[in-house]
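Given only the sequences and the hints, what does the whole structure look like? Please build it.
Residue numbers (this note's numbering), protein chains in the order written: chain A, 101 to 379; chain B, 718 to 1062.
By construction, these hints were calculated from the structure, which means they are not laboratory data.
Simulated crosslink set (SDA-like; lysine to any residue; CA at most 25 Å straight-line):
no.	chain 1	residue 1	chain 2	residue 2
1	B	Lys775	A	Gly157
2	A	Lys130	B	Asp970
3	B	Lys775	B	Asn826
4	B	Lys800	B	Ala838
5	A	Lys179	B	Gly790
6	A	Lys109	B	Asn837
7	B	Lys1004	A	Met362
8	A	Lys269	A	Trp286
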Amino acid sequence: MCQCCAEKKDIYLPQLATVADISQMNVTEKYLRLSMDDGMFDFLPGQFVEVSIAGIGEAPITISSSPTQKGGFELVVRKIGNVSGAIHNLRKGSKLGIRGPLGKGIYPVDQAKGKNLVFICGGLGLVPQRSFINYVLDNRSEYGDVAILQGTKNYDMRLFASEIDAWSKRGDVQMLETLDEGHLAWKGHVGVVTKLIRKVQTDLKSAEILVCGPPVMYKFVLMALEEYDVPHTHIHLNLERKMKCGVGKCGHCQINSTYVCMDGPVFRYSDLATLPEAI
Amino acid sequence: MSVKKITKSDFAGFVSALIQRESVIGVQAKGDRFDFAPLESAKDLRLDYDVTLQPPKKYLLPPMEVLLTYEVGGAYQSQIDDKKFILLGVHPYDVVAINQMDELFSQDNYDAHYMTRRQNATIIACDVARSSDHVFASSMGAAVVREGYDILLTDIGDSYLMEAATAKGNELLALAKGAVEADPAALRRREDIWTHNRKSLNKHELKCDPAYLPRLLAKAYKHPVWEERAKTCFNCGSCNQVCPTCYCFNVQDDVNWDLQTGQRTRAWDGCLLEGFTKVAPNHEFRKNRADRFRHRLYRKAAYVPQKIHGQIACVGCGRCVGACLPDIANPVSVYNRLIDDLGIG
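Structure follows, in structure tokens:
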């Protein structure tokens, strides 16, 4: 885009999208597949969109599908605030506004080629990670070992259970899943996700490790990774903050000098060392 | 650019001509204080003011503005305010602040709402004729400005000097009847005023070169001053509200009575306010008052400078010092305390 066109464009103007599919995943989460009405949408794993519901507002939500998958993109939304509540009321064919993709996405998309990858996800943390997981699996030969660790609160809160099942059956992915609380129908691990780290067959020290989950999980995951001397440049954390504009102006998502919307939402742990507000 | 000299009575005629031509926002008395407001008559203009209650920022980034309108379920429409106007009587420190905002709103992602308004604004700056109670623009290097305005006015006693710095400024100066080329004595008088202002607009004196502040703050993050000061902070955000370089905003949707149409507005927000970093369900990332208090001063002298080529985002207007009820907001006293405790170098 030439400079004059870029300047005329309104960075706050959402483009219309249509809900191609929507379904309830569990008590609090809904799955949505959206397609842009103008058909244009290219993104990187880890990037997010500002979802607009006219009359309610905007909320930043990371894209859950991989860019390798054609036919729109997917979001998973937990009903937790005003905008997410309104998103839950949408139906197939509903119109909504989208700004984006925003953010830098995940750094190791290119840099991670040929390397071993370990995904550590807590609860809803699987949703954004899923974009890069499926991207890697669609380009499987370009990466080394892949291990996916998923920890979920309880059996009823599990997300993408059939997809996790498919990953575990592939043979070229080490899929480890645990529940915080046991359940009669659950035959797998019980306990927090950090307990799974020692079961990873890949050499953690040389792997790129991608972490996404609730803030409390980060502290324990980082402590566990310290035991393996994982270099901080290899650890990538997905951070959440309040966000309004998504384009580096409004100031809400600032962590010390860094803007989550512009420089994130995925950060190298080594880059967070100078940002005491990060974790 | 040439400098014109105009008598005060001819200058009043010039201001009237400006008012005839387009919308003029000028400094006027408001009770025993001053503020920028739409100027209807030249006699209301008060270029002898000390400081305005609000910086002229509010005419470039309004306290509340409509970004876009929508129909529920339909497309969104940008709403760009493209009216031309003149800001008359902007002090140098406020010009510096506007220059910084221009950089911040145009870099990375171009903000067409701010920038359109900015391009439609003609800035007639005016050298400070009377210092306010809390000004420290001299300490911040913002007592005198030589760029970022269209015309610069200087009160030299019986007349004004007018220097146009842009084509827009030159065009307006053509309306100034009775203006003559400034004589060398008048120009010397202006130099004297600048020399005086560079030293005297300094009711609070910073003990270091402002360029040193980012390095000072790099070692001050855990200093007790943040907690000590914040103990009496009301979280009122007055320091944010009156600051010419604060530009954080909130965005919200409103629906009209027909329940079919509405608008998305942005409104000033403040990092000192509770809830500034709060996400659903009720998690606040900068929960402690001391953290918010520190964030404001770090933004001014450590974070924003990284975006504007090292300039400090505090211009020394002193408005926050006067607006803060518990009297903790004064940046100079905080920075000086850090210098006393941590030293320079």
